[in-house]
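J.: Start from the sequences and build out the full structure, keeping to the hints where you can.
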Amino acid sequence: KQEVTQIPAALSVPEGENLVLNCSFTDSAIYNLQWFRQDPGKGLTSLLLIQSSQREQTSGRLNASLDKSSGRSTLYIAASQPGDSATYLCAVRPNDYKLSFGAGTTVTVRA
Amino acid sequence: EPEVTQTPSHQVTQMGQEVILRCVPISNHLYFYWYRQILGQKVEFLVSFYNNEISEKSEIFDDQFSVERPDGSNFTLKIRSTKLEDSAMYFCASSRTGVWSPLHFGNGTRLTVT
Numbered sequence: 001k002q003e004v005t006q007i008p009a010a011l012s013v014p015e016g017e018n019l020v021l022n023c024s025f026t027d028s029a030i031y032n033l034q035w036f037r038q039d040p041g042k043g044l045t046s047l048l049l050i051q052s053s054q055r056e057q058t059s060g061r062l063n064a065s066l067d068k069s070s071g072r073s074t075l076y077i078a079a080s081q082p083g084d085s086a087t088y089l090c091a092v093r094p095n096d097y098k099l100s101f102g103a104g105t106t107v108t109v110r111a
Numbered sequence: 001e002p003e004v005t006q007t008p009s010h011q012v013t014q015m016g017q018e019v020i021l022r023c024v025p026i027s028n029h030l031y032f033y034w035y036r037q038i039l040g041q042k043v044e045f046l047v048s049f050y051n052n053e054i055s056e057k058s059e060i061f062d063d064q065f066s067v068e069r070p071d072g073s074n075f076t077l078k079i080r081s082t083k084l085e086d087s088a089m090y091f092c093a094s095s096r097t098g099v100w101s102p103l104h105f106g107n108g109t110r111l112t113v114t
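Protein sequence lines, in the order shown, are assigned to chains A and H. Reminder that position 40 of the first sequence reads as 40 in this note's numbering, one-by-one numbering, no gaps. Reminder that position 29 of the second sequence reads as 29 in this note's numbering, one-by-one numbering, no gaps.
Keep in mind the hints are simulated off the structure, nothing from the lab. What you are looking at is a predicted structure, and each value in this text was computed from that prediction instead of being measured. One should not assume that every hint holds.
Under the rule of at most 30 Å between Cα atoms (straight-line distance), these lysine-lysine pairs were calculated in the DSBU-like manner [said to hold, decoys possible]:
| id | chain 1 | residue 1 | chain 2 | residue 2 |
| --- | --- | --- | --- | --- |
| 1 | H | 42 | H | 83 |
| 2 | A | 42 | A | 1 |
| 3 | A | 68 | A | 1 |
| 4 | H | 57 | H | 78 |
| 5 | H | 42 | A | 42 |
| 6 | A | 68 | H | 42 |
| 7 | A | 42 | H | 78 |
| 8 | H | 83 | A | 68 |
| 9 | H | 42 | H | 57 |
| 10 | A | 1 | H | 57 |
| 11 | H | 83 | H | 57 |
| 12 | H | 57 | A | 68 |
| 13 | H | 42 | A | 1 |
| 14 | H | 78 | H | 42 |
| 15 | H | 78 | A | 68 |
| 16 | H | 57 | A | 42 |
| 17 | H | 83 | A | 1 |
One-sided and incomplete, this derived list gives chain A residues near chain H with beta-carbon spacing under 7 Å [claimed, not checked]:
| id | residue |
| --- | --- |
| 18 | 46 |
| 19 | 101 |
| 20 | 103 |
Quick list of simulated restraints, FRET-style, between CB atoms [stated by the list, open to error]:
| id | chain 1 | residue 1 | chain 2 | residue 2 | range |
| --- | --- | --- | --- | --- | --- |
| 21 | A | 55 | H | 14 | 45 to 53 Å |
| 22 | A | 53 | H | 38 | 28 to 36 Å |
| 23 | H | 52 | A | 17 | 30 to 38 Å |
| 24 | H | 70 | A | 17 | 31 to 39 Å |
| 25 | A | 78 | H | 73 | 33 to 41 Å |
| 26 | A | 96 | H | 14 | 21 to 29 Å |
| 27 | A | 61 | H | 96 | 24 to 32 Å |
| 28 | H | 60 | A | 40 | 23 to 31 Å |
| 29 | H | 16 | A | 65 | 45 to 53 Å |
| 30 | A | 65 | H | 38 | 47 to 55 Å |
Glycine included, every Cβ here is placed at the ideal spot set by N, Cα and C.
T.: Written as structure tokens, this is what we have:
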């Protein structure tokens, strides 16, 4: 059974600092990995999708890397802003139909 | 940008009652999903739906749950006889194709069973 772990569970940084969020998974047989943002009481906003054949994906200040063989992904957020405060979830896709989620990292960016 | 919409945003029901949660997926998407998140826990998969039938379901999705696509735009989750432990945030999601496309989630329905 696929297990997804996100460390740390919470992170507080001053504005302007770069964020590094980690995700690990136990089974490297995945199709892809998706990073989401979740604001309190809200839905999940898709940030980046990395296919298993890719090493990284970038969107604006966000960069996600994937090392499938070691079961790891890292989400980098450059020059953090207070608006980046949220919970960030990673999810792996081990088969056609379902995502397996981590518990998330809750980020607070202090102004 | 197209989005997945869910109604209602919050539903309160009594134990044993039936509830229907509604979703309008993104219009050109072919795969539909329900996930749920119990407070303080991980988001967990319930069911996927493609080509008018269930393609996969989790062990949570027992006989008390059912899904339907009653017309070309809506996708519903029915819980036949709610239990206290069904209290959670229920998320609908859709994707354009199967495995290679990202999932897009709605804002969720918070279900409270009293």
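J.: Looking back at the hints listed earlier, which ones does the structure fail to meet?
T.: 8, 15, 23, 24, 26, 30
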